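Participant: The listed protein sequences derive, respectively, from chains A and B.
Each residue of the first sequence is one higher than the one before, starting from 1 at the first, in the numbering used here.
Each residue of the second sequence is one higher than the one before, starting from 115 at the first, in the numbering used here.
Hint data in this document are derived by calculation from the structure and do not stem from the laboratory.
This structure is a prediction, so every number in the text was calculated from the model and none was measured.
Some hints here could point you the wrong way.
[Claimed, not checked] Across the chosen pairs, the derived CB separations fall in these ranges:
#1 A:Gly10 x B:Thr134: 33 to 39 Å
#2 A:Thr5 x B:Gly117: 28 to 34 Å
#3 A:Gln57 x B:Gln155: 43 to 49 Å
#4 B:Glu192 x A:Ala18: 43 to 49 Å
#5 B:Leu169 x A:Gly52: 35 to 41 Å
#6 A:Thr7 x B:Leu174: 21 to 27 Å
[To be verified] From chain B, some residues computed to sit far from chain A (all C-beta separations above 12 Å):
#7 Ile126
#8 Thr226
#9 Leu228
Think of the CB as a built atom: it goes at the ideal place given N, C-alpha and C, for glycine as much as any other residue.
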Amino acid sequence: AQKITQTQPGMFVQEKEAVTLDCTYDTSDPSYGLFWYKQPSSGEMIFLIYQGSYDQQNATEGRYSLNFQKARKSANLVISASQLGDSAMYFCAMRGVTGNQFYFGTGTSLTVIP
Amino acid sequence: DTGVSQDPRHKITKRGQNVTFRCDPISEHNRLYWYRQTLGQGPEFLTYFQNEAQLEKSRLLSDRFSAERPKGSFSTLEIQRTEQGDSAMYLCASSLVVAPDTQYFGPGTRLTVL
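Please model the complete structure; the sequences and the hints are all you need to start from.
Facilitator: Here it is, written out as structure tokens:
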């Protein structure tokens with residue numbers, strides 16, 4: 001069975017600082033994908049970044065980077081130079097080998113303080 | 115526009131009534147997914163379509179739930195004999211078969227069952 005764990009219900013960060021949101025996962029699939037989504041108060045899930053289990057390098061997308069540690073089964077999201085607009089819920093997700101079902105964690109609420 | 119749209123955005127109904135939600139995916143996307151998100155949780159997979167074929171259903175999708183995608187374009191999710199436990203946000207997402215990892219989400223339909 002697939003499981004995603006996000007242990008930080010809420011995080012605060014000062015504007016312009018970097019923040020790390022934690023995510024650990026459990027799967028027996030040999031191949032899988034890891035994702036981070038942002039969900040503002042409007043409700044829409046916004047795709048941020050993707051990491052394949054066989055990718056050698058950590059994924060980066062602008063101010064977002066994914067710190068992938070396969071042996072530890074962790075896929076932490078790092079947001080650099082936080083902006084007020086980054087305040088939202090952040091969800092870590094995984095898809096297994098079939099690629100059809102996505103499994104989401106419970107989310108971390110990020111608040112950026114001016 | 116070109117995003118995923120959902121209608122209605124909010125629905126309030128009385129227990130025992132039937133409700134139907136609609137999702138219009140991004141026009142060239144052949145995969146369509148339905149998720150349910152309850153308060154404080156991440157989205158949970160319900161079902162997905164490839165074109166008009168419903169290829170996978172979660173055990174969460176009880177017999178009171180039915181989803182269709184008759185022409186391979188828009189999809190409907192119907193809940194019969196609603197219960198208070200059905201209160202949730204219902205999210206729709208779409209993707210291309212050749213790029214299933216990139217799911218684009220709609221704004222969701224928030225259902226409240228009184």
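Participant: It remains to establish, for every hint, whether it holds in the given structure.
Facilitator: We went through each hint and held it up to the structure:
no.: 1; hint: A:Gly10 x B:Thr134: 33 to 39 Å; result: holds (36 Å)
no.: 2; hint: A:Thr5 x B:Gly117: 28 to 34 Å; result: holds (30 Å)
no.: 3; hint: A:Gln57 x B:Gln155: 43 to 49 Å; result: violated (32 Å)
no.: 4; hint: B:Glu192 x A:Ala18: 43 to 49 Å; result: holds (45 Å)
no.: 5; hint: B:Leu169 x A:Gly52: 35 to 41 Å; result: violated (22 Å)
no.: 6; hint: A:Thr7 x B:Leu174: 21 to 27 Å; result: holds (24 Å)
no.: 7; hint: Ile126; result: holds (16 Å)
no.: 8; hint: Thr226; result: holds (14 Å)
no.: 9; hint: Leu228; result: holds (21 Å)
Hint violations for this structure: numbers 3, 5, all remaining hints satisfied.
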